[in-house]
Amino acid sequence: MLRKLIKYEILADYKKYGIMGIAVIALAVLALISEKTAPPYVNGYSNFISAVFAMSSVFTIFSASILLIVLSTIRFYKSFLKDEGYLMHTLPVHTWQLIASKLIAAYIWFLFLLIISAVYVTILKGNITWITDFSEDFIDGFTGENDYLSQFMMSSLISVLLTPFSYLAHIYFSFALGNLFSKNKLTMSVVMFLAINFAERVITSVLLSAYLASVKDDMTLTAMTYSNTLLSVILSVIYLIAAERIFAKKLNLE
Amino acid sequence: MLLECNKLCKYYGDKTALNNIDLQLERGKIIGLLGPNGSGKTTLIKILSGILTPSGGEVKISDKNIGIETKKIVSYLPERTYLSDWMTVQQTLNFFKDFYEDFSVETALDMLQKLDIQTSEKLRTMSKGTREKVQLILVMSRNAELYLLDEPIGGVDPAARDYILKTIISNFNENASVIISTHLISDVENILDDVIFLKYGDIVLHSAVDEIREQHGKSVDALFREVFAC
Numbered sequence: 001m002l003r004k005l006i007k008y009e010i011l012a013d014y015k016k017y018g019i020m021g022i023a024v025i026a027l028a029v030l031a032l033i034s035e036k037t038a039p040p041y042v043n044g045y046s047n048f049i050s051a052v053f054a055m056s057s058v059f060t061i062f063s064a065s066i067l068l069i070v071l072s073t074i075r076f077y078k079s080f081l082k083d084e085g086y087l088m089h090t091l092p093v094h095t096w097q098l099i100a101s102k103l104i105a106a107y108i109w110f111l112f113l114l115i116i117s118a119v120y121v122t123i124l125k126g127n128i129t130w131i132t133d134f135s136e137d138f139i140d141g142f143t144g145e146n147d148y149l150s151q152f153m154m155s156s157l158i159s160v161l162l163t164p165f166s167y168l169a170h171i172y173f174s175f176a177l178g179n180l181f182s183k184n185k186l187t188m189s190v191v192m193f194l195a196i197n198f199a200e201r202v203i204t205s206v207l208l209s210a211y212l213a214s215v216k217d218d219m220t221l222t223a224m225t226y227s228n229t230l231l232s233v234i235l236s237v238i239y240l241i242a243a244e245r246i247f248a249k250k251l252n253l254e
Numbered sequence: 001m002l003l004e005c006n007k008l009c010k011y012y013g014d015k016t017a018l019n020n021i022d023l024q025l026e027r028g029k030i031i032g033l034l035g036p037n038g039s040g041k042t043t044l045i046k047i048l049s050g051i052l053t054p055s056g057g058e059v060k061i062s063d064k065n066i067g068i069e070t071k072k073i074v075s076y077l078p079e080r081t082y083l084s085d086w087m088t089v090q091q092t093l094n095f096f097k098d099f100y101e102d103f104s105v106e107t108a109l110d111m112l113q114k115l116d117i118q119t120s121e122k123l124r125t126m127s128k129g130t131r132e133k134v135q136l137i138l139v140m141s142r143n144a145e146l147y148l149l150d151e152p153i154g155g156v157d158p159a160a161r162d163y164i165l166k167t168i169i170s171n172f173n174e175n176a177s178v179i180i181s182t183h184l185i186s187d188v189e190n191i192l193d194d195v196i197f198l199k200y201g202d203i204v205l206h207s208a209v210d211e212i213r214e215q216h217g218k219s220v221d222a223l224f225r226e227v228f229a230c
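In order, the protein sequence lines correspond to chains A and B. Quick note: my numbering has the first sequence finishing at residue 254, numbered continuously throughout. Quick note: my numbering has the second sequence finishing at residue 230, numbered continuously throughout.
I should point out that these hints are in silico values taken from the structure, not numbers from a laboratory. Just to be clear, a hint being listed does not mean it is correct.
25 Å max Cα-Cα, derived PhoX-like pairs, lysine-lysine [said to hold, decoys possible]:
id : chain 1 : residue 1 : chain 2 : residue 2
1  : A       : K4        : B       : K122
2  : B       : K7        : B       : K60
3  : B       : K122      : A       : K78
4  : A       : K249      : B       : K60
5  : B       : K166      : B       : K29
6  : A       : K4        : A       : K15
7  : B       : K72       : A       : K249
8  : B       : K128      : A       : K82
9  : A       : K82       : A       : K250
10 : A       : K185      : B       : K114
11 : B       : K29       : B       : K15
12 : B       : K15       : A       : K82
13 : B       : K15       : A       : K183
14 : B       : K199      : B       : K29
15 : B       : K15       : A       : K249
16 : A       : K16       : B       : K122
17 : B       : K166      : A       : K250
18 : A       : K78       : B       : K97
19 : B       : K72       : A       : K78
20 : B       : K128      : A       : K15
21 : B       : K64       : A       : K250
22 : B       : K97       : B       : K72
23 : B       : K114      : A       : K82
24 : A       : K250      : B       : K128
25 : A       : K78       : B       : K128
26 : A       : K7        : B       : K97
27 : A       : K250      : B       : K114
28 : B       : K122      : A       : K15
29 : A       : K4        : B       : K72
30 : B       : K60       : A       : K7
31 : B       : K122      : A       : K82
32 : B       : K97       : A       : K4
33 : A       : K249      : B       : K7
A short, non-exhaustive set of chain A residues, derived as facing chain B with CB atoms under 7 Å [claimed, not checked]:
id : residue
34 : R3
35 : K4
36 : E84
37 : Y86
These numbers come from a predicted model, not from an experiment. No residue lacks a Cβ here, since even glycine has one placed at the ideal position from N, Cα and C.
Full structure from sequences and hints, please.
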């Protein structure tokens with residue numbers, strides 16, 4: 001059943017992500033053509049274009065991540081709590097399967113966006129060697145003698161990969177809490193989102209301060225990244241379990 | 001017994017939608033769930049379908065508590081469009097086939113053909129009435145034990161109403177029951193076996209249609225107007 005649910009999640013959104021992917025690649029191709037065909041006598045033009053492209057790469061990847069969270073949130077709200085919820089919640093499937101299918105589908109799109117971002121950078125650079133250079137640097141970071149660098153790179157990578165998981169768990173839990181109110185469920189979901197965010201920051205600050213006081217100075221940054229990620233994972237798992245329990249036991253569709 | 005509700009209640013804040021309802025329904029019947037706006041009809045149907053949690057009391061369908069097992073045997077038609085508009089009719093058939101073991105594609109295709117609805121058509125391009133017909137076809141193409149139809153004929157033209165009512169009669173087996181919530185009593189009266197009148201969350205009448213005609217000498221529609229006169 002979970003596989004079937006994921007299939008329909010993907011089918012529901014593939015056109016949106018597909019159009020976005022095509023647009024990003026088209027933009028990269030246009031930018032490359034523009035750079036290659038720039039008149040050589042225009043002083044500094046090439047450098048200016050390169051800088052713009054470099055900035056646009058960062059902007060594209062950042063926008064794609066934001067868009068993923070926004071589209072996943074809209075999809076969850078519409079198919080879970082609005083009209084489509086009348087179908088989803090009457091399917092003979094477990095609530096955890098409904099939630100898991102949305103989370104897994106979001107991760108599939110996350111991977112898709114990472115690939116699109118890689119294609120974007122490849123087109124702008126005009127070659128694929130940056131991937132091997134980047135990979136070598138990355139592997140060197142892990143296997144090199146600099147233990148501090150390798151650990152920092154590893155913790156950063158885990159942190160990036162877990163970002164959608166943390167955000168979506170937080171959002172699902174906020175919607176679940178909003179569902180408990182008899183009126184203004186969407187508004188209350190937003191209020192809950194902000195309240196959880198505030199509470200999470202307070203808890204994280206207190207726990208991390210206490211933990212960091214007990215670690216060695218040269219490992220502080222890595223320890224902080226690891227601890228932050230671990231705490232985020234624990235809280236996200238708690239959010240998901242709580243959201244599942246609320247939707248399973250206290251569902252009240254408007 | 002197909003359905004049993006004991007002391008079932010539902011509150012929205014301080015407002016009572018269902019007030020300690022006791023109800024037993026047998027198999028093989030078409031039951032009209034009738035009442036004015038805000039009487040609790042939709043609330044009761046939503047609780048039975050599992051999308052609303054009761055505030056108290058107990059509900060059992062085929063001796064099972066509301067959950068994944070009852071969702072396998074309950075076919076629910078809400079009063080709103082619940083299909084994703086990116087889907088074609090064929091994709092909705094695939095969807096129902098994927099999730100409901102009791103769904104018959106052949107039955108659905110037959111009904112779609114009779115109503116001249118193409119399987120390649122997208123729901124987004126359809127009128128509200130046609131989308132409601134597709135939903136009803138999907139719901140009635142299941143070989144369920146309990147059908148919950150919330151205002152099934154409210155949004156369609158009078159000509160299509162007859163076809164829909166015929167569809168309801170001819171597509172449920174003697175082991176199943178159908179609960180129809182509607183305001184259009186005169187349209188459905190002829191197909192009903194039993195009626196339940198709901199008023200402010202209370203059951204004020206639960207009777208066979210034939211008994212109403214014999215005892216009151218009135219149609220269900222006339223009795224409804226009398227009981228709920230403003």
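Distance restraint between B:K97 and B:K72, which requires alpha-carbon spacing of 25 Å or less: holds (12 Å)
Given hint A:K82 paired with B:K114 - CA-CA distance at most 25 Å: violated (31 Å)
Satisfaction of hint between B:K97 and A:K78, Cα-Cα up to 25 Å: holds (22 Å)
25 Å Cα cutoff - pair B:K166, B:K29: Holds, at roughly 15 Å.
Pair hint outcome, A:K82 versus A:K250 [Cα-Cα no greater than 25 Å]: holds (16 Å)
25 Å Cα cutoff - pair B:K128, A:K15: Between B:K128 and A:K15 the Cα gap is close to 24 Å, so the pair holds against 25 Å.
Distance restraint between B:K7 and B:K60, which requires alpha-carbon spacing of 25 Å or less: holds (12 Å)
Restraint status (C-alpha distance of B:K72 to A:K78 at most 25 Å): holds (23 Å)
Hinted pair A:K7 and B:K97, Cα distance within 25 Å: holds (14 Å)
Satisfaction of hint between A:K78 and B:K122, Cα-Cα up to 25 Å: The hint holds at about 19 Å.
Chain B contact restraint for A:Y86 - C-beta distance below 7 Å: Cβ of A:Y86 sits 4 Å from chain B, so the hint holds.
Hint consistency between A:K4 and B:K72 [alpha-carbon to alpha-carbon, up to 25 Å]: Judged against 25 Å, a Cα distance of about 16 Å means the pair holds.
Going down the numbered hints, you'll see the structure goes against 10, 11, 17, 23, 24, 27, 30, 34, while the others check out.
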